[in-house]
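> Each chain is listed here by its residues.
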Amino acid sequence: MIHILSAKQFDRAELEYLMKRAQEMDTIFQSGGTDMLHHQILATLFYEPSTRTRLSFETAMLRLGGQIISETDVTFSSQSKGEILADTTRIIAGYADIIAIRSKNVGDARIASEFSSVPVINAWDGSGEHPTQALLDLYTIMKDFPEVLNDAPLRVTFVGDLRYGRTVHSLSLLLRNFPNISLRFISPDILALPEEYRMQNDFQDEALTDEILTTSDVIYMTRVQKERFPDVESYNAVKDRFLFDGKTVAKMQEKAILMHPLPRVNEIALEIDTLPQARYFEQAKNGVPMRMALIAYCLGK
Amino acid sequence: MIHILSAKQFDRAELEYLMKRAQEMDTIFQSGGTDMLHHQILATLFYEPSTRTRLSFETAMLRLGGQIISETDVTFSSQSKGEILADTTRIIAGYADIIAIRSKNVGDARIASEFSSVPVINAWDGSGEHPTQALLDLYTIMKDFPEVLNDAPLRVTFVGDLRYGRTVHSLSLLLRNFPNISLRFISPDILALPEEYRMQNDFQDEALTDEILTTSDVIYMTRVQKERFPDVESYNAVKDRFLFDGKTVAKMQEKAILMHPLPRVNEIALEIDTLPQARYFEQAKNGVPMRMALIAYCLGK
Amino acid sequence: MIHILSAKQFDRAELEYLMKRAQEMDTIFQSGGTDMLHHQILATLFYEPSTRTRLSFETAMLRLGGQIISETDVTFSSQSKGEILADTTRIIAGYADIIAIRSKNVGDARIASEFSSVPVINAWDGSGEHPTQALLDLYTIMKDFPEVLNDAPLRVTFVGDLRYGRTVHSLSLLLRNFPNISLRFISPDILALPEEYRMQNDFQDEALTDEILTTSDVIYMTRVQKERFPDVESYNAVKDRFLFDGKTVAKMQEKAILMHPLPRVNEIALEIDTLPQARYFEQAKNGVPMRMALIAYCLGK
Chain A
101 MIHILSAKQF DRAELEYLMK RAQEMDTIFQ SGGTDMLHHQ ILATLFYEPS TRTRLSFETA
161 MLRLGGQIIS ETDVTFSSQS KGEILADTTR IIAGYADIIA IRSKNVGDAR IASEFSSVPV
221 INAWDGSGEH PTQALLDLYT IMKDFPEVLN DAPLRVTFVG DLRYGRTVHS LSLLLRNFPN
281 ISLRFISPDI LALPEEYRMQ NDFQDEALTD EILTTSDVIY MTRVQKERFP DVESYNAVKD
341 RFLFDGKTVA KMQEKAILMH PLPRVNEIAL EIDTLPQARY FEQAKNGVPM RMALIAYCLG
401 K
Chain B
101 MIHILSAKQF DRAELEYLMK RAQEMDTIFQ SGGTDMLHHQ ILATLFYEPS TRTRLSFETA
161 MLRLGGQIIS ETDVTFSSQS KGEILADTTR IIAGYADIIA IRSKNVGDAR IASEFSSVPV
221 INAWDGSGEH PTQALLDLYT IMKDFPEVLN DAPLRVTFVG DLRYGRTVHS LSLLLRNFPN
281 ISLRFISPDI LALPEEYRMQ NDFQDEALTD EILTTSDVIY MTRVQKERFP DVESYNAVKD
341 RFLFDGKTVA KMQEKAILMH PLPRVNEIAL EIDTLPQARY FEQAKNGVPM RMALIAYCLG
401 K
Chain C
101 MIHILSAKQF DRAELEYLMK RAQEMDTIFQ SGGTDMLHHQ ILATLFYEPS TRTRLSFETA
161 MLRLGGQIIS ETDVTFSSQS KGEILADTTR IIAGYADIIA IRSKNVGDAR IASEFSSVPV
221 INAWDGSGEH PTQALLDLYT IMKDFPEVLN DAPLRVTFVG DLRYGRTVHS LSLLLRNFPN
281 ISLRFISPDI LALPEEYRMQ NDFQDEALTD EILTTSDVIY MTRVQKERFP DVESYNAVKD
341 RFLFDGKTVA KMQEKAILMH PLPRVNEIAL EIDTLPQARY FEQAKNGVPM RMALIAYCLG
401 K
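Protein sequence lines, in the order shown, are assigned to chains A, B and C.
First residue of the first sequence? That's 101 in the numbering used here, and the numbers climb one at a time after it.
First residue of the second sequence? That's 101 in the numbering used here, and the numbers climb one at a time after it.
First residue of the third sequence? That's 101 in the numbering used here, and the numbers climb one at a time after it.
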């Protein structure tokens, strides 16, 4: 049975297949939907709230002609958690054809998959993986740069909090499947990418220079949060380096794109929204066809 | 694109069209539903809880053959609210075909409509507008008095808290489109209709007299809440004037109707429920065909 | 109009009919679903949370081709409760074709049924009835022992907290319709079955002996909760008598089944889950076809 648990589970061939399916699903999505999954049910178990991720999954299932059952109670007891999760999963797997689960406990999605008689999709488990976000991020890049599938070179720069930003970790893992995509990581030292995600050729620095801005095809921005710093001074020392406004974006190539997993606070100024490089709202929307592709894939359609 | 934001946006022709559509939708509703909106999705974003309004919208969409995604989290951050609402709207508009939004902040529905790529329906925004309630109220009146569309005269009396009762404000605006409908406003002085909603010929008084009761075609009752008064004495002085029981209703004409936006507390005695004038439960039910008509209208169907 | 309010409402013929319908629905469920209830809506009003019961009802309706509107707000005011419940029911009955209601107030489902213009199903009302659980329990027994419908003998043993365990009460009522089913009740004295549910021939004891284990066709286990005892000592004195592990189950006949309404805590060891007698997850799953049968029955299908 196919579960979607980690960005690590995909090889190049599988990624190419999923990108192609997402593209097909995009056409279906743009035209409304299909009845492909008529009579099938997706259970969304969100023990950690996330409106946009949950609604993205639910939209995907509805556009495929399926139906939804949903639980969003965040008071799910943490006591004797392991056992309860196993039992809940077995029961819900008796109702639904596929389960999307979100939990703040690392590994919960994998536990659920071990006890489930139907496919399980990890919709984020704590500081762990967020594979469906990584896949929709990859799909967003592929829509603008389809030649990457034929190994054209591409420069992707991650900016901001690369230490705690799980979407950066998962996406960087996926991009490693494309040898001509070069990765650059720009962050304050204390928010640098963890060792386990780095490779020898990666460029890494603290400064978001004009050189970086002008030579990147993709800039993947994340938020630098004050609470990650030991004191206000060290935060103040770097915070302005990681804000994007119209002037910053003006330095980017015209065909380059600016991505962000959202929600943003002030790291991307509103004035950017209408610039041609802004891609974060399309990115969010791309979650629907990508998740349509994943649900269909898991269900063998 | 058509948004439903305010009772002020409708002219007479549009109201007549919507009443006709609601009537057609009523026939569909009574017979179960239609597949007219197959593959279309309504997002209900209720940042202020309201079971009956939300379920009325959702029922309307389901009876049209569409589907629902829903968010009812009331902890929606109020900090940096404007930005978050704009971003959330843009993202949800990427998922759904139409959005119904409820918020306690006046103007939120309009802000959402400015950032949305799909139609937005205002399901109440704070002390502001509640246009879909006003339309279902109008539809309820039209069902009993269809000759009003041909400018037959009608006497509508509003009773109770006319100062804070938003449904009274919105409905009175709609009724101004029918020159032969005369409006009367009965309330304690401190709960009188705000100046902006009054017109020169309106009758206004503090006493719900037998003369009023016997000559009204429609009585629209609202609740007088103790907390609106400066002290208990002033509340006690008026409260009994604004309670309806069997004896009050007996004074109404047989073909007259008694409306109430619900929920009630004690201002309408249970004994009235079975009397021929009671129309408040039908009124609530009329929300379904009226909202079916509005959703179809916004979606160009 | 047919409402499902109490296990007491069913006679033998009706139970046999419902078991047969559940079996037919099981076939439909296993193959995905049907469009039998296209355009029909189930309202799930859960004023007391219960993920698995609510999702079981919703799955049942979706598998029948119907749709769902749902309210799970547990802050439903208890003040002037009676009136609000009556009004809410009348309004929701104007939207939906059938209502499933759960409340912690005994009798709420019956009150709702009195004010509803559509069928009402009691999804548990406080310490009162839980008729749909009793029916799915009966269906689970019938799947393993279909000859019971032809009055073959069967020995059913209830174990644990028989005083507060409402599922035991409701199921025992249903089993009384089958004269050759003998019931045995094993519990600590202070958790014994209330007088009103007992019959003269019932076996009742405090000890779960090997004799009981080896001669039962069905063991229906429930949890013994510490807080039901006057002091820790009296709890400690009995608690180990009412735990099942692999060794306990090994004493059961091979064709016997072990049931539990779930959730469990530690009264059934995880090692049992894979044994042939374990039936509690199938039992939970059986809620779907049983509730499909009940919804169809109420709607005259």
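By construction, these hints were calculated from the structure, which means they are not laboratory data.
Fair warning: there could be bad hints in the mix.
Identical chains blur together in the list; that is why a pair holds if it fits in one copy or across any two.
Claimed, not checked - Capping the alpha-carbon separation at 20 angstroms, the derived lysine to any residue pairs in SDA-like fashion look like this:
#1 Lys-326 / Glu-296
#2 Lys-108 / Leu-249
#3 Lys-204 / Glu-327
#4 Lys-204 / Thr-151
#5 Lys-351 / Thr-309
> Work down the list of hints and note, for each, if the structure agrees.
So, going through the hints one by one against the coordinates:
Taking identical chains as interchangeable, the C-alpha atoms of Lys-326 and Glu-296 are never at most 20 angstroms apart, the minima being 24 angstroms within one chain and 47 angstroms between chains. Within a single copy, Lys-108 and Leu-249 get their C-alpha atoms as close as 18 angstroms, which meets the 20 angstroms cut-off; across copies the closest is 54 angstroms, which misses it. Taking identical chains as interchangeable, the C-alpha atoms of Lys-204 and Glu-327 lie at most 20 angstroms apart only when both belong to the same chain, with a minimum of 19 angstroms there against 30 angstroms between chains. Taking CA atoms no more than 20 angstroms apart as the test, Lys-204 paired with Thr-151 passes in both settings, with 15 angstroms inside one copy and 19 angstroms between copies.
Taking the shortest alpha-carbon separations for Lys-351 and Thr-309, only the intra-copy value of 10 angstroms comes in at or below 20 angstroms, while the best inter-copy value is 74 angstroms.
Checked against the numbered hints given earlier, this structure breaks only hint 1.
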